[in-house]
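2 protein chains.
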Amino acid sequence: MLGKKKLLVGGLSALVVGALLAGCPPKKELKTEVGTAEVAQKVYVPPGKYDEFYAFLSGGFSGQVSVYGLPSGRLIKIIKVFSQDPETGYGYTPETKPMLMTSHGFVPWDDSHHPELSQTDGVPDGRWLFINANNVPRIARIDLSTFETTEIIEIPNSAGNHASPFITPDSKYVTAATRFSVPIPQKDVPISSYAENFKGTLSFIKANEPGKMDVAFQILVPGYDYDLAHCGKGPSYGWCFFTSYNTEQAYTLLEINASKNDKDYIAAVNWKRAEECIAQGKYQEIPATYYHNYYDEKKHMAFSEVKKSVKVIIPKDCPGVMYYLPTPKSPHGVDVSPDGEYIIGGGKLATVIPIHSFSKMLKAIEQKAFEKEVDGIPVLKYDAVLHCEVPKPCLGPLHTEFDGKGFAYTSCFVSSEVVKYDYKQCKVVDRAPTYYSIGHLMIPGGDSAKPWGKYLLAMNKITKDRYLPTGPELFQSAQLYDITGEKMQLLLDFATIGEPHYAQGIPVDIIMKNVKKIYPLAENEHPYAVKAEKDARVERKGNEVHVYMTMIRSHFVPDNIEGIKVGDTVYFHLTNLEQDWDIPHGFAVKGSEDAEILVMPGETKTLVWKPKAPGVYPFYCTDFCSALHQEMQGYVRVSPAGSNVPLKYYTGTPTAQK
Amino acid sequence: MLGKKKLLVGGLSALVVGALLAGCPPKKELKTEVGTAEVAQKVYVPPGKYDEFYAFLSGGFSGQVSVYGLPSGRLIKIIKVFSQDPETGYGYTPETKPMLMTSHGFVPWDDSHHPELSQTDGVPDGRWLFINANNVPRIARIDLSTFETTEIIEIPNSAGNHASPFITPDSKYVTAATRFSVPIPQKDVPISSYAENFKGTLSFIKANEPGKMDVAFQILVPGYDYDLAHCGKGPSYGWCFFTSYNTEQAYTLLEINASKNDKDYIAAVNWKRAEECIAQGKYQEIPATYYHNYYDEKKHMAFSEVKKSVKVIIPKDCPGVMYYLPTPKSPHGVDVSPDGEYIIGGGKLATVIPIHSFSKMLKAIEQKAFEKEVDGIPVLKYDAVLHCEVPKPCLGPLHTEFDGKGFAYTSCFVSSEVVKYDYKQCKVVDRAPTYYSIGHLMIPGGDSAKPWGKYLLAMNKITKDRYLPTGPELFQSAQLYDITGEKMQLLLDFATIGEPHYAQGIPVDIIMKNVKKIYPLAENEHPYAVKAEKDARVERKGNEVHVYMTMIRSHFVPDNIEGIKVGDTVYFHLTNLEQDWDIPHGFAVKGSEDAEILVMPGETKTLVWKPKAPGVYPFYCTDFCSALHQEMQGYVRVSPAGSNVPLKYYTGTPTAQK
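Protein chains in written order, with the numbering used here: chain A, 9 to 666; chain B, 9 to 666.
Hints are computed from structural coordinates only; laboratory data are not their basis. Predicted model, so just to flag it, every value in this text is computed and none were measured. Take these hints with a grain of salt, some might be off.
Intra- or inter-copy, both count: the list cannot distinguish identical chains.
Cut-off 27 Å, straight-line C-alpha distance, at most; resulting in silico cross-link-like pairs (DSSO-like, lysine-lysine) [said to hold, decoys possible]:
no.	residue 1	residue 2
1	LYS306	LYS368
2	LYS195	LYS549
3	LYS180	LYS368
4	LYS268	LYS207
The whole structure should be built from the sequences, with the hints applied where relevant.
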């Protein structure tokens with residue numbers, strides 16, 4: 009993919025330059041070692057059987073989360089998070105619009121990067137999935153009993169929320185950090201005053217109580233680009249680690265100017281210490297406007313609240329809260345081994361994979377083995393914290409996960425491969441090509457204290473000729489490997505929605521036991537819900553008309569409405585009375601700004617309609633619901649403004665029709 | 009799916025009622041006859057190999073088209089048609105918003121039902137794919153060299169454009185018809201005046217010249233619900249056939265009131281005769297406002313024109329233009345055999361599958377074997393046109409396709425199965441269960457003069473327990489069958505985006521040879537394109553600021569901009585200078601109402617930004633494009649309104665930074 013174009017390769021090593029200029033590997037037809045039949049069976053899930061793992065892949069520029077089954081690679085759901093969804097009306101209906109409100113106004117879509125499962129004792133527990141928005145910094149909580157987004161917290165004092173939302177082993181916090189440093193708080197200053205005025209923040213967000221996400225505290229840090237993070241576990245519980253690049257503090261042409269230093273930093277943050285400083289008042293309360301949006305599952309409605317300030321720790325006022333670990337070169341991933349001892353940096357321009365030791369780090373701190381200090385943050389000596397450098401592993405190492413058997417797997421963007429190595433012995437034991445340009449990889453549980461292993465999923469940035477061509481725009485590509493043997497075995501290519509920057513995998517049993525199949529009608533507290541056809545009605549309030557409508561196979565009540573006028577705003581409040589799984593109904597009326605919506609069993613949703621011209625307009629069910637689905641329709645009569653046609657509504661019976 | 013709820017089953021036969029009340033088949037784990045290994049191999053496409061067929065599935069309530077590879081069932085693309093796409097900015101950017109304009113204003117999404125490939129000599133030729141919008145009646149053309157929507161025509165005098173867009177064998181016309189009858193033209197009348205005031209239209213849309221879609225003519229017909237269509241070929245070339253239901257002309261509680269008549273009609277339209285009447289002036293020119301939107305691929309921009317009238321034929325003024333064929337009972341599908349002789353109705357409440365004979369129909373017309381006339385339209389005698397009724401085929405027959413070997417395959421919604429029969433002998437030879445509630449089915453080329461056969465795809469309405477549960481909302485389900493043998497063999501379940509109402513399949517070679525990989529930069533005629541970095545610039549025009557920006561690995565030019573003021577509207581016109589396949593770049597700036605966009609190689613797109621507060625805002629590439637993708641970023645400085653900070657922009661070099 010780094011094809012034939014001239015590339016600006018300023019400060020890069022000769023090795024990387026060579027690779028950058030070498031272009032993509034040519035298309036290969038892969039031979040599998042054991043023959044197609046055996047491989048085919050490994051990924052084939054016969055009709056009626058279930059996959060073994062749920063995989064949650066971020067949508068990147070789609071702003072959503074895609075749910076796949078593994079090993080089949082089948083897409084089974086797109087979870088609506090940071091983007092309007094024209095299918096269900098998410099982000100369009102009055103009930104869901106508040107979910108996408110921010111201090112910058114309504115943001116119709118965003119860039120979602122890193123899904124992260126909640127954990128208990130360092131092991132994914134299947135309760136929630138968190139994911140970040142990068143462009144307008146936010147973190148969302150997805151409830152894995154409904155696979156719906158139930159909460160979004162905005163991150164103030166941030167730009168480019170990339171190192172997010174990585175979780176502590178007890179789900180107490182998820183992280184957020186500025187990929188782009190900016191004036192904090194924002195102010196109108198020359199861009200050239202970057203070194204003086206631009207700062208970063210590392211944020212810790214309360215995550216363990218649904219409906220109560222908030223920014224616990226932020227740490228104000230030097231103006232580097234903070235990239236990725238992972239939190240410690242076991243012995244390193246209480247710490248989180250963040251990569252940074254652009255320690256050069258460039259603000260233009262970063263591809264050259266931010267690639268000069270041989271080492272950048274991993275920031276090691278002692279959040280337990282930060283909690284102490286907060287308790288001791290060693291922070292500044294800074295005014296900051298940010299939104300907290302949450303979805304009330306019983307009211308079937310989202311609400312926003314605006315928060316006004318945030319606690320910020322200045323490192324020099326809270327000694328011991330963080331240290332920098334020098335790490336070659338422009339590191340991307342930072343990944344902690346299941347036992348919590350090893351911290352692996354993915355130096356994307358490095359020719360080695362550096363592995364730091366947490367116990368050596370503690371010792372170096374104790375011995376004050378500092379190289380220097382930056383803004384009150386000690387920089388530890390590289391040799392004092394390094395466990396080893398994996399020699400000549402690959403080109404462009406990015407991100408690492410673990411199989412729980414003593415091996416680490418690092419994705420290598422430039423050389424398009426996965427390298428497997430013994431991270432204690434620092435010895436490469438296997439490598440497998442990927443097609444093409446792998447970004448992150450995922451092993452189920454592979455970033456936790458207890459990886460389930462078995463599969464490795466490569467998420468590749470370039471697809472080119474891997475699937476049937478679909479014009480200039482192509483889906484991206486995932487590749488599934490069997491990692492149960494000594495050698496990785498490529499099983500399957502499958503295309504992905506958006507750009508999966510990262511993923512999480514979890515055995516299906518953990519999720520399945522909690523999944524809800526319907527919304528209980530009896531618990532529906534939507535203010536415009538009706539729970540029986542007899543209560544369906546139409547009410548006028550000035551120019552507003554509220555239609556309390558029910559849906560059940562195969563009719564609406566009411567299905568004939570007259571007395572609507574041009575100039576009215578009509579609110580169709582639709583309650584799906586079904587209480588069986590997988591019986592949604594839809595509603596569409598011609599010319600609605602909101603087009604049409606889907607309503608799940610037991611749910612209430614609202615479609616807003618401002619009819620523009622007199623006439624008789626049909627409405628209909630948009631989700632094929634029964635043999636008589638096509639008959640599930642009705643009419644609204646719209647009269648001119650000022651007309652005296654009275655409000656009238658009914659569902660016909662043979663009697664009523666006369 | 010027709011579960012435990014009480015159902016209103018007014019006029020239905022006892023047989024159907026029994027099935028309606030019986031509920032879903034229980035979940036079964038299917039045994040394949042030949043063992044998993046062989047079946048697995050039949051659908052397994054090894055990494056690096058291609059699928060055999062492109063399959064285009066409508067998105068239903070998603071408003072889009074999904075592209076799958078068969079036999080693997082892998083989703084490889086979502087084509088943006090009738091819905092805003094938060095991933096690419098389709099329907100949000102100034103370039104693409106005109107595509108979604110209608111006489112009802114901007115419609116952010118719709119309900120897409122029936123993809124239809126262009127044909128030459130009755131065989132799909134891979135040039136274009138057409139698809140209808142049901143809610144706000146429209147037809148779109150998708151260019152299969154780019155997989156992008158290039159044209160949308162609105163259908164006036166219509167509501168619920170369902171019997172659409174079925175094509176003539178030479179691609180001269182695609183059809184459109186009113187699923188919901190309405191006053192034509194629209195007027196404010198009581199709904200109870202349905203029989204008097206409500207009419208349908210059958211429309212023929214010019215399809216064979218890109219950029220020139222238009223309504224050739226409409227036929228005003230009685231106020232029934234027109235459901236589906238297919239056009240004749242071979243001997244029946246010059247005719248199209250439309251099903252209708254609700255010949256009862258009910259307007260409320262249709263599930264009872266429109267299910268009373270034992271037979272409804274298939275409308276047989278002689279469009280050659282209609283052309284004669286148009287040529288002879290036997291039509292009325294009716295005022296009608298409707299939009300024609302087209303996308304100029306070189307300008308990278310969509311344009312709308314508003315049309316003002318339409319030619320309408322009244323059947324009694326054009327004798328011979330159409331006939332009704334009585335057809336049991338509430339027919340859904342109408343499908344013409346590859347040889348053009350047999351017309352199969354899918355009477356969804358019928359207990360037989362009626363097969364009409366085209367040659368018998370011609371003879372009946374000649375002999376005036378009429379039962380009666382409706383609004384000047386002769387109703388032919390059922391026995392005079394019937395070839396046969398396939399006896400006791402299944403419950404709820406809906407839709408039929410052909411394998412080219414003398415067999416028809418009909419989907420049966422109520423009994424959840426596909427039935428295979430010899431349509432000349434009228435003899436069922438095989439049946440296969442589907443899970444659950446099949447709607448339409450698709451055989452590659454199965455609705456054309458030359459089916460490719462091999463596979464049958466069942467598109468099922470109910471998914472329930474076929475995949476891992478994902479909460480109350482589930483994807484729908486497709487099932488792939490091998491139809492090369494005497495018995496259909498179920499191969500694979502895969503989940504689908506939205507609700508696929510219909511699909512088209514075509515061998516990959518036909519499409520692949522024409523697919524474009526980039527947009528040639530030299531041909532880019534976007535008024536704000538820049539084709540070299542030296543031409544990048546920023547221009548102020550009052551409160552409008554136009555940024556002519558380039559993107560190439562791994563930087564923007566300019567990447568630092570100052571002198572923007574609060575109150576400005578900033579237009580980022582982004583040109584991707586890459587000319588390699590699969591190197592898109594993205595652009596996001598914090599707080600933009602349009603969030604972020606993707607730009608393909610050689611393309612120009614515009615993102616509109618209205619900064620709300622002073623500060624310095626980062627922008628960045630949202631599509632991982634190189635090893636230095638994370639470095640592809642820049643800053644915009646925003647000063648207060650009235651500030652005197654001058655306009656300034658650059659991309660730094662080591663010199664420029666000083």
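Looking back at the hints listed earlier, which ones does the structure fail to meet? 1
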